[in-house]
Amino acid sequence: MSKTRVVITGLGATTPLGGDVAGTWEGLLAGRSGARRLTDEWVQNLAVQIAAPAAVEPTEVLERVKARRLDRNAQLAVVAAREAWADAGLEDSGLDKERLGVACASGIGGLHTTLANYDALKSNPRRVSPLAIPMLMPNSSAAYVSLEFGAKAGVHTPVSACASGNEAIALGLDQIRLGRADVVLAGGTEGAIMALPLAAFGMMQALSKRNDDPEKASRPWDVDRDGFLLGEGAGILVLESYEHAKARGARIYAELAGAGISADGHDIAQPDPTGSGARRAMERALSEGDLTPADIFHINAHATSTPQGDIAESLAIRQALGREADHAVATAPKSMIGHLLGAAGAVESIATVLALHHRVSPPTINVDKLDDQIELDVATEQRRLADGDIAALNNSFGFGGHNAAIAFKTV
Amino acid sequence: MASTEEIRSNLAEIVNEIAGIPVEDVQLDKSFTDDLDVDSLSMVEVVVAAEEKFDVKIPDDEVKNLKTVGDAVAFIERAQNG
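So the protein sequences, as listed, match chains A and L. Heads up: the first sequence at position 15 corresponds to 15 in full-length UniProt numbering, and the numbers run straight through without jumps. Heads up: the second sequence at position 49 corresponds to 49 in full-length UniProt numbering, and the numbers run straight through without jumps.
It is possible that part of the hints are untrue.
[Claimed, not checked] 20 Å max Cα-Cα, derived DMTMM-like pairs, lysine to aspartate or glutamate:
#1 L:LYS53 - L:GLU17
#2 A:LYS66 - L:GLU52
#3 A:LYS3 - A:GLU243
#4 A:LYS122 - L:GLU51
#5 A:LYS369 - A:GLU243
#6 L:LYS64 - L:GLU77
#7 A:LYS66 - L:ASP37
#8 L:LYS53 - L:GLU77
#9 A:LYS152 - A:GLU215
#10 A:LYS122 - L:GLU52
#11 L:LYS30 - L:ASP55
#12 L:LYS30 - L:GLU6
#13 A:LYS216 - A:ASP226
#14 A:LYS66 - L:GLU51
#15 A:LYS66 - L:GLU13
#16 L:LYS64 - L:GLU24
#17 A:LYS246 - A:ASP371
#18 A:LYS216 - A:ASP96
[To be verified] Have a look at the derived ranges for each label pair, beta carbon to beta carbon:
#19 A:ALA120 - L:GLY20: 56 to 64 Å
#20 A:ASP377 - L:ASP37: 52 to 60 Å
#21 A:HIS358 - L:SER31: 50 to 58 Å
#22 L:ASP37 - A:ASN124: 45 to 53 Å
#23 A:ASN45 - L:LYS64: 57 to 65 Å
Hints are computed from structural coordinates only; laboratory data are not their basis. Here a beta-carbon is modelled for each residue, glycine too, at the ideal position from N, C-alpha and C.
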């Protein structure tokens with residue numbers, strides 16, 4: 001049986017580089033860093049005092065009463081979803097809402113709400129908000145996105161740490177291919193730039209400590225990389241069956257060809273140094289998308305700027321693509337936006353889709369000296385992608401050994 | 001003691017802050033749910049904020065009896081005078 005074709009018809013994002021897709025894409029192409037030194041009072045005792053906050057405060061975009069009922073996670077998600085919805089031209093499309101689904105991931109969930117209400121609880125239990133549970137529950141963002149548009153097919157929240165965003169796209173693809181929905185708003189959100197995550201990731205030795213030079217902190221593939229930079233934001237893609245998109249004359253950015261999910265079965269935090277789990281995810285994405293390594297001309301790597309992770313992924317890409325990796329232009333947006341955790345796969349899938357759509361790869365910044373263990377064709381400047389039918393991979397891996405690779409292709 | 005109008009006006013500000021209802025719409029004859037569209041969770045927030053603002057206790061069992069703005073204002077007046 002032939003697979004249902006699924007295409008991307010709308011994009012929405014709010015990131016450290018801009019409050020929308022246009023601003024984000026422009027920043028990525030320009031090689032701009034969204035990192036800065038935090039000046040909040042709560043940061044003063046922390047070892048890591050740098051991050052990449054959202055460029056536009058979601059509370060400045062949302063209606064005041066709406067914003068106060070949503071955790072920051074859901075605020076960011078709704079901002080991105082509204083843009084994607086409008087971009088896809090779905091508002092007056094007569095879409096059957098029973099055929100509209102949502103898959104909106106988060107790595108951490110409504111932590112602002114959890115912490116604020118824990119403080120309230122300690123002062124007086126009656127100060128705990130009656131909205132605390134609907135705001136802190138991990139599915140809150142997906143639920144609020146569904147309420148925004150009246151989605152009545154499945155509403156899902158994949159949670160797999162930093163692989164979550166890609167897993168949401170994989171899940172959305174499945175929903176359409178299984179015939180459960182015609183359109184799925186899929187992506188991820190994360191607003192976790194707070195003292196606790198910064199301290200906790202810091203204690204794991206996962207974060208860069210370049211407090212004095214925030215814009216140089218995230219340096220995937222560079223020999224002097226020392227950990228990731230925490231970012232925040234959200235990305236939502238409109239996934240739609242090709243038939244449905246064609247019938248309503250929708251603009252198509254790219255085709256969502258396949259998804260590959262695997263687990264390392266190795267360690268709760270360390271990547272499998274052989275890269276075999278990541279390799280299997282990429283191979284499955286290719287196979288599900290009826291693609292071969294020869295089709296891949298662009299790789300949006302997970303590349304978080306950690307010493308071990310970047311090498312393991314490079315190894316995995318070499319294993320999955322073999323010699324064909326030579327013509328795959330690799331880029332690492334985390335060098336500019338930092339690591340958006342549960343939103344990373346979603347925002348970077350948007351970058352991958354736009355790279356195919358415009359046939360240009362954004363650069364990777366801060367690669368002053370490429371680590372000689374990285375055997376990839378790294379784009380350190382904007383790079384033109386090949387003409388003709390080409391495909392691209394977007395990788396996301398998460399603590400717990402989760403691997404999720406998504407394959408997109410030109411239409 | 002605060003006058004009925006002072007209590008209504010302060011309560012209107014609370015309802016505006018929590019539910020976004022224009023203060024001038026929060027009149028004594030208005031029902032919180034039917035006229036002002038204040039849902040049950042927001043109503044709990046309004047009650048807790050009112051307790052702090054007016055320094056009164058509004059037991060959870062009592063909240064279901066506060067159907068209109070006037071009911072709430074009357075309850076607060078009684079509680080303050082009691």
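Going through the hints against the structure:
Between LYS53 (chain L) and GLU17 (chain L), the direct Cα distance comes to roughly 13 Å. Compliance with the 20 Å bound is thereby established for this hinted pair. At most 20 Å may separate the alpha-carbon atoms for a hinted pair to count; LYS66 (chain A) and GLU52 (chain L) exceed this at roughly 23 Å. For the hint linking LYS3 (chain A) to GLU243 (chain A), the alpha-carbon distance of about 12 Å falls within 20 Å, and the restraint holds. This hinted pair checks out: LYS122 (chain A) and GLU51 (chain L) have alpha carbons roughly 18 Å apart, not beyond 20 Å.
Proposed proximity of LYS369 (chain A) and GLU243 (chain A) is contradicted: the alpha carbons are some 47 Å apart, above 20 Å. Proposed proximity of LYS64 (chain L) and GLU77 (chain L) is supported: the alpha carbons are some 17 Å apart, at most 20 Å. Proximity of LYS66 (chain A) to ASP37 (chain L) is assessed by CA-CA distance (about 14 Å); at most 20 Å being required, the pair is judged to hold. At most 20 Å may separate the alpha-carbon atoms for a hinted pair to count; LYS53 (chain L) and GLU77 (chain L) meet this at roughly 13 Å.
Restraint check for LYS152 (chain A) and GLU215 (chain A): the C-alpha separation of about 43 Å exceeds 20 Å, so the hint is violated. Among the hinted pairs, LYS122 (chain A) with GLU52 (chain L) is consistent with the structure: their alpha-carbon atoms are about 17 Å apart, no more than 20 Å. Simply put, LYS30 (chain L) and ASP55 (chain L) have alpha-carbon atoms about 23 Å apart, too far for the 20 Å limit, and the pair is violated. With a C-alpha separation of about 17 Å, the suggested pairing of LYS30 (chain L) with GLU6 (chain L) holds against the 20 Å cut-off.
This hinted pair checks out: LYS216 (chain A) and ASP226 (chain A) have alpha carbons roughly 11 Å apart, not beyond 20 Å. Taking the CA atoms of LYS66 (chain A) and GLU51 (chain L), the gap is about 24 Å. The hint is violated against a cut of 20 Å. Only pairs whose Cα atoms come within 20 Å are accepted, and LYS66 (chain A) paired with GLU13 (chain L) is accepted, the gap being roughly 17 Å. Among the hinted pairs, LYS64 (chain L) with GLU24 (chain L) is inconsistent with the structure: their alpha-carbon atoms are about 24 Å apart, more than 20 Å.
Taking the CA atoms of LYS246 (chain A) and ASP371 (chain A), the gap is about 45 Å. The hint is violated against a cut of 20 Å. Under the criterion of a C-alpha separation no larger than 20 Å, the hint pairing LYS216 (chain A) with ASP96 (chain A) is inconsistent with the structure, at around 47 Å. With their beta carbons about 22 Å apart, ALA120 (chain A) and GLY20 (chain L) fall outside the hinted range of 56 to 64 Å. For ASP377 (chain A) and ASP37 (chain L), the hinted distance range of 52 to 60 Å is satisfied, since their beta carbons lie about 58 Å from each other.
Taken as a hint, the range 50 to 58 Å holds for the pair HIS358 (chain A) and SER31 (chain L), whose Cβ atoms sit roughly 55 Å apart. A hinted range of 45 to 53 Å for the beta carbons of ASP37 (chain L) and ASN124 (chain A) is inconsistent with their spacing of about 28 Å. A hinted range of 57 to 65 Å for the beta carbons of ASN45 (chain A) and LYS64 (chain L) is inconsistent with their spacing of about 47 Å.
Of the numbered hints listed earlier, those contradicted by the structure are 2, 5, 9, 11, 14, 16, 17, 18, 19, 22 and 23.
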